[in-house]
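Student: Each chain is listed here by its residues.
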Amino acid sequence: AQKVTQAQTEISVVEKEDVTLDCVYETRDTTYYLFWYKQPPSGELVFLIRRNSFDEQNEISGRYSWNFQKSTSSFNFTITASQVVDSAVYFCALSGPNNAGNMLTFGGGTRLMVKP
Amino acid sequence: DTGVSQDPRHKITKRGQNVTFRCDPISEHNRLYWYRQTLGQGPEFLTYFQNEAQLEKSRLLSDRFSAERPKGSFSTLEIQRTEQGDSAMYLCASSFSQAPLHFGNGTRLTVT
Chain Y
1 AQKVTQAQTE ISVVEKEDVT LDCVYETRDT TYYLFWYKQP PSGELVFLIR RNSFDEQNEI
61 SGRYSWNFQK STSSFNFTIT ASQVVDSAVY FCALSGPNNA GNMLTFGGGT RLMVKP
Chain C
1001 DTGVSQDPRH KITKRGQNVT FRCDPISEHN RLYWYRQTLG QGPEFLTYFQ NEAQLEKSRL
1061 LSDRFSAERP KGSFSTLEIQ RTEQGDSAMY LCASSFSQAP LHFGNGTRLT VT
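Chains Y and C supply the protein sequences, listed in that same order. Going by our numbering, the first residue of the first sequence is number 1, and it counts up by one from there. Going by our numbering, the first residue of the second sequence is number 1001, and it counts up by one from there.
Hints are not guaranteed to be accurate.
Restricting the straight-line Cα-Cα distance to at most 30 Å, the calculated cross-link-like pairs of lysine-lysine (BS3-like) are [stated by the list, open to error]:
hint, chain 1, residue 1, chain 2, residue 2
1, Y, K38, Y, K16
2, Y, K16, Y, K115
3, C, K1057, C, K1014
4, Y, K38, Y, K3
5, Y, K115, Y, K38
6, C, K1057, Y, K38
7, Y, K70, Y, K115
8, Y, K38, C, K1011
9, Y, K3, C, K1014
Honestly, the hints are just simulated from the structure, not real lab data.
Please put together the full structure from these sequences, using the hints given.
Tutor: So this is what it looks like as structure tokens:
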């Protein structure tokens, strides 16, 4: 069985602070995929990143960066210099090898509030 | 590309009634997914189609739930004899083959 745990249910920061959202996963698959999605107040889930289990390189995209560590089964997400527009619920998700991973197991989400 | 469209946005129904939701995926996407999201939780996978074939169904999809994608384009999700526990946001998503999912805004169901 697969499981994703996002221990931080809510985080509040002041604009321009850096913030890291934690994600820990469990799976028996040797091939799997990890995702992060953003859900703003409008409700539509927005894809941010997908990584496969064989690629442990960290990734940076603008103010966003991701740290994947198989040794600790973690896939953490850092926002640098946070902005008010980053306020949303962020979900980490996991899938197995079938279908290249669009049958996702989501974590419970972390609500990020960025205050001006 | 107008994105994934879901209708209605909100539905309020009385327990025991049947409801049907519609999803129009992005036109060139061959895969269509249904997820359910209850308040304060992450989405849960329900089922998915590749073209018109329903290839996977979650154990969450009881026999009161049925999904169709008759021509490999739009899809419908019907819930028969609704129960209060069915109250949730029903999310549709689509993808072209194994590309990442594009989600719609969802249909919020409230069963009174």
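Student: Please work out if K38 of chain Y and K1011 of chain C have their alpha carbons no farther apart than 30 Å.
Tutor: Given pair K38 of chain Y, K1011 of chain C holds - Cα atoms ~24 Å apart, limit 30 Å.
Student: Against the 30 Å threshold, does the CA-CA distance of K38 of chain Y and K16 of chain Y hold or violate the hint?
Tutor: holds, 19 Å
Student: Assess, step by step, whether the Cα of K1057 of chain C is no farther than 30 Å from the Cα of K38 of chain Y, and give holds or violated.
Tutor: With Cα atoms ~25 Å apart, K1057 of chain C and K38 of chain Y stay inside 30 Å; holds.
Student: Are the Cα positions of K3 of chain Y and K1014 of chain C separated by 30 Å at most?
Tutor: Since the Cα atoms of K3 of chain Y and K1014 of chain C sit roughly 34 Å apart, the hinted pair is violated (cutoff 30 Å).
Student: Tell me if the straight-line CA distance from K38 of chain Y to K3 of chain Y falls inside 30 Å.
Tutor: holds, 19 Å
Student: Given the hinted pair K1057 of chain C and K1014 of chain C, is their alpha-carbon gap at most 30 Å?
Tutor: holds, 26 Å
Student: Run the distance test for K16 of chain Y versus K115 of chain Y: straight-line Cα separation, threshold 30 Å.
Tutor: holds, 9 Å
Student: Does K115 of chain Y pair with K38 of chain Y here, judged by a C-alpha cut-off of 30 Å?
Tutor: Satisfied, since the Cα-Cα distance of roughly 18 Å is no more than 30 Å.
Student: Could you grab the alpha-carbon distance between K70 of chain Y and K115 of chain Y and see if it respects the 30 Å cut-off?
Tutor: violated, 33 Å
Going down the numbered hints, you'll see the structure goes against 7 and 9, while the others check out.
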